[in-house]
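Trainee: Let the hints inform the model, and build the full structure from the sequences given.
Protein chains in written order, with this note's numbering: chain A, 58 to 397; chain B, 92 to 400; chain C, 440 to 786.
Source of the hints: derived by calculation from the structure; they are not laboratory data. Be aware that a few hints might be false.
[Claimed, not checked] Computed list of lysine to aspartate or glutamate pairs in EDC-like fashion (alpha-carbon distance at most 16 Å, straight line): (1) 514/C / 577/C; (2) 765/C / 66/A; (3) 526/C / 307/B; (4) 248/B / 162/A; (5) 522/C / 293/B; (6) 491/C / 383/B; (7) 442/C / 531/C; (8) 472/C / 717/C; (9) 213/B / 499/C; (10) 491/C / 307/B; (11) 736/C / 66/A; (12) 472/C / 499/C; (13) 741/C / 66/A; (14) 530/C / 512/C; (15) 285/A / 236/A.
[What the hints assert, rightly or not] Some chain A residues flagged as far from chain C (calculated, every beta-carbon gap over 12 Å): (16) 63; (17) 68; (18) 211; (19) 231.
For each residue, glycine too, the CB sits at the ideal point set by N, CA and C.
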Amino acid sequence: MENEKIPQEMFSPVEMDATKSEQISKPSLNYWQDAWLRVRKNKGAIVSIIILAILIIMAIVGPNITGHGYADQNLKHNNLPPRIPVLENISWLPFDGELTRKNGDTYNAYKVKHVDEYYWLGTDSLGRDIFTRLWKGTQVSLYIAFLAAAIDMIIGVLYGAISGFVGGRTDNFMQRITEILIGIPNLVVVILMIIVLKPGILSITIALTITGWVGMARVVRAQVLKLKSQEYVLAARTLGLSNGKIIGKHLVPNLAGVIIINTMFTIPNAIFFEAFLSFIGLGLQPPHASLGTLIDDGFKVLQLYPYQMIIPAIVISLIMICFNMVADGLRDALDPKMRD
Amino acid sequence: MAKYVTQRIIYMIITLFLIASFTFFLMKIIPGTPFTKADKLSETQLAIMKEKYGLDDPVPVQYANYMMNLVKGDLGVSFQFDNVGVTEIIVKSFGPSAQLGFQAIIFGTIFGIILGVLAALKQNTWVDYGSTFIAVLGKSIPSFVFAGLMQYYLGVKLGWFPVAFWRGPEYTILPTIALAMFPLATAARFVRTEMIEVLESDYIVLAKAKGASWFDIAFKHALRNALIPVVTVLGPLVVSLMTGSLVIEKIFGIPGIGEQFVKSIQVNDYPVIMGTTLLFAALFVVVILIVDLLYGVIDPRIRLAGGKK
Amino acid sequence: MEKILEVKDLHISFHTFSGEVQAIRGVNFDLHKGETLAIVGESGSGKSVTSKAIMHLLPESNSEIKQGQILFEGKDLAKLSDKAMQKIRGKDISMIFQDPMTSLNPTMKVGRQIIEPIMKHQKLSKGAAKKRAIEILDLVGIPNPEVRFEQYPHQFSGGMRQRVVIAIALACNPKVLIADEPTTALDVTIQAQILELMKALQKKIDTSIIFITHDLGVVANVADRVAVMYGGKIVEVGTVDEVFYNPQHPYTWGLISSMPTLDTEDEELYAIPGTPPDLLHPPKGDAFAPRNRYAMKIDLEKQPPMFKVSDTHYAATWLLHPEAPKVEPPEAVQKRKRQFLGLKEGN
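Mentor: Right, dumping it as structure tokens:
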């Protein structure tokens with residue numbers, strides 16, 4: 058016990074306002090600000106967003122850069138490996154236009170064929186410019202994926218929200234339908250649909266969405282049901298908040314989270330399925346290109362001209378990885394339960 | 092419990108019936124003839140062919156025949172190979188596919204679980220990041236890309252493994268790894284999340300309070316509880332195996348169902364497509380049922396409550 | 440009396456997204472052999488953190504013992520390695536948790552969960568451990584212990600599960616038992632049973648108990664001494680009689696006034712205004728000052744030291760400073776004191 062001298066004056070009473078201590082000093086962030094803060098902390102997600110942005114820009118402008126059309130054939134210039142000015146002089150980079158024969162010899166394909174032009178990423182077996190085809194293919198793959206994801210989202214959200222909000226018999230009936238649909242592997246449905254519809258951008262999209270929306274519908278319904286019974290929603294209702302306000306203030310932000318997360322997982326899934334279909338011979342027909350058809354074409358000549366498969370393989374892998382990383386990051390950011 | 096199982100089996104049969112019907116009618120509305128080299132056949136030849144395969148009958152009759160045969164296990168006759176039954180083709184190519192699938196799921200889940208557990212125990216260390224990295228790659232890179240690249244680099248370039256075909260155990264290594272990547276990644280991610288959650292639970296704190304060692308806590312207390320929910324992703328994993336088998340059997344030239352299926356697609360061999368589709372659907376439905384029942388076996392809470400369902 | 444456990448100037452912080460939360464800011468207390476010490480306080484006062492710190496059960500990733508000692512049998516537990524701590528946990532010091540519904544492993548048979556510490560610490564064979572486990576199950580009042588031994592936790596009711604948790608804690612006759620709100624999650628009738636059981640068992644195996652609770656009624660029932668925690672510090676400590684009938688700290692006054700008694704008929708129940716302090720930015724002075732009706736200037740400037748009231752009774756409030764003005768405790772507190780003194784004289 059210390060017995061230092063404390064001035065008498067210090068022992069005069071002060072008026073305390075207890076309500077002051079109830080003030081919350083931390084600035085309150087809304088749901089989205091908070092989520093953005095969390096995404097920003099996730100370096101993988103941020104890098105992925107940047108890479109995706111670059112890939113999307115290239116998918117739009119890339120096909121017009123070299124001046125070669127994506128379907129232009131030049132059989133004299135076929136199967137040329139990548140060659141890029143300046144970079145061709147750096148020996149460890151694969152941009153010198155050299156190919157390796159089966160016996161291990163290397164030769165410059167451009168010299169052998171007397172080609173002066175530079176094909177940055179080489180040409181395929183019909184002499185088409187791979188750089189142009191790559192970005193055209195990326196464009197088509199992304200287009201299919203975004204379209205499929207958007208359709209999934211619209212159907213799924215509507216179905217799930219109606220099922221959840223209306224409840225009762227309607228919900229019961231709608232649930233039985235989704236249960237049957239979920240029991241059918243979508244691989245089977247997609248393949249059958251493509252066989253019936255014949256491959257094309259639209260038919261592939263339709264095939265992907267025909268059962269694709271079920272996942273979204275289930276998630277949305279579950280979320281709606283959960284939110285409906287949530288105590289803070291009951292509390293808001295008890296306090297006399299109108300239905301519109303409840304939907305706007307409580308349901309939409311919470312639903313938006315699961316919808317965004319789910320969509321972010323749908324996109325890479327659609328990209329995968331498109332490529333998969335191409336690979337088993339149900340993809341777009343030539344001269345159209347998608348990442349899937351490029352990989353399929355490249356696989357056929359993999360042993361002789363590996364770059365023809367490796368280039369589109371890198372792009373599709375990058376897209377898939379980045380979308381998955383962003384989706385994971387968003388899930389961690391938007392799902393408050395996962396917070397530490 | 093018995094009642095629950097019966098009910099589930101009835102549902103399963105209804106689903107399969109719907110899929111079979113759906114498949115049949117889809118095949119009926121496909122334009123064009125199913126015969127290879129159809130252009131070279133004369134009108135009469137076509138008519139004979141059609142009669143032979145019963146394509147002349149009214150659609151309801153064909154449907155009834157198809158369903159009846161289906162119940163008997165007869166999936167019709169392949170157009171591609173004269174007079175070879177679809178069932179026969181499937182049975183013949185089932186072995187390699189089953190072996191490949193089995194090896195992949197065993198390899199994938201075991202390594203996935205190990206990776207997931209390590210990542211959870213060493214959270215936020217390089218072990219965790221490494222495991223997450225492998226998981227993201229495994230989940231993201233399409234299996235055919237992975238398989239193609241492995242085949243080229245490990246098979247062709249380095250010559251460590253046979254490049255293709257199915258002639259002995261060493262031939263199964265590359266396809267198994269390629270097919271196992273997705274199950275491995277999925278299991279790793281899932282186990283990590285579950286394990287972290289379990290490790291934070293009250294009963295783990297109590298186990299620590301009892302003086303249990305790190306090893307006992309991780310493997311005697313946490314792992315079992317973390318593994319129970321993993322059973323729920325077995326369904327999607329089996330689907331991934333079916334999807335993967337199509338492309339991987341094609342890449343490595345494995346004489347399995349997947350390769351047969353891809354070939355049939357290319358030559359419009361509808362009976363084989365239909366038969367394989369049904370087989371995939373049936374496998375899927377059965378796996379889902381097994382998963383649900385398995386869940387009860389592993390989790391004592393459900394095992395005992397199950398009787399009341 | 441012999442001290443079995445001594446906590447000296449303990450400081451614990453949590454590192455969170457928003458910054459360092461100083462959950463424990465200099466806690467001192469002793470635990471004597473065979474006694475029950477109750478630690479009371481509202482949520483966030485640091486009572487659970489203190490008990491978890493003794494057991495090394497704080498999350499490693501974000502918590503830190505900044506300074507201080509936890510002395511047990513001459514060892515400083517705060518500096519002990521995890522490996523060494525494993526030998527003490529469950530053997531010398533055990534713990535009972537709040538929620539019996541979640542504190543048992545759902546996929547492990549109850550029996551195995553009890554024999555685990557017995558086999559580990561007492562090095563008994565499986566058969567001997569089982570015999571011992573069944574004895575303990577019987578001791579904690581579980582009928583048919585042989586049958587129950589083979590069952591899973593979900594086959595037990597909440598009260599029965601808490602008995603199992605107690606059985607696990609007592610399996611190795613620990614010297615110290617930390618009970619972290621062991622009855623909070625239970626029905627009132629079950630609560631009483633569990634408290635009776637704990638009292639009876641304490642006598643039987645002669646253990647010291649740290650009883651953490653926010654329920655003053657429970658404290659009066661089980662404890663020998665009481666420590667009142669507020670804002671990560673102990674603000675008053677004394678025997679049950681001292682703290683209940685002669686409290687000195689305004690926070691204790693508030694706690695006692697807010698406790699209903701049989702004769703509080705139409706008086707309004709008292710509630711302490713305001714909210715607990717933000718330990719992310721702990722106040723410079725007395726943490727309770729903003730909610731203190733008797734606050735003085737010094738309360739805002741300087742943290743009060745522990746003032747001695749009697750040999751066993753201490754309180755940290757500037758009101759006990761010789762220079763401080765004399766204030767009257769609230770009516771409810773005075774009434775209790777009068778009743779208590781009257782009772783004493785009557786005896």
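Trainee: Hint compliance check: list the failing hint numbers for this structure, sorted ascending.
Mentor: As far as the earlier hints go, 1, 5, 6, 8, 10, 12, 15, 16, 17 are violated by this structure, in ascending order.
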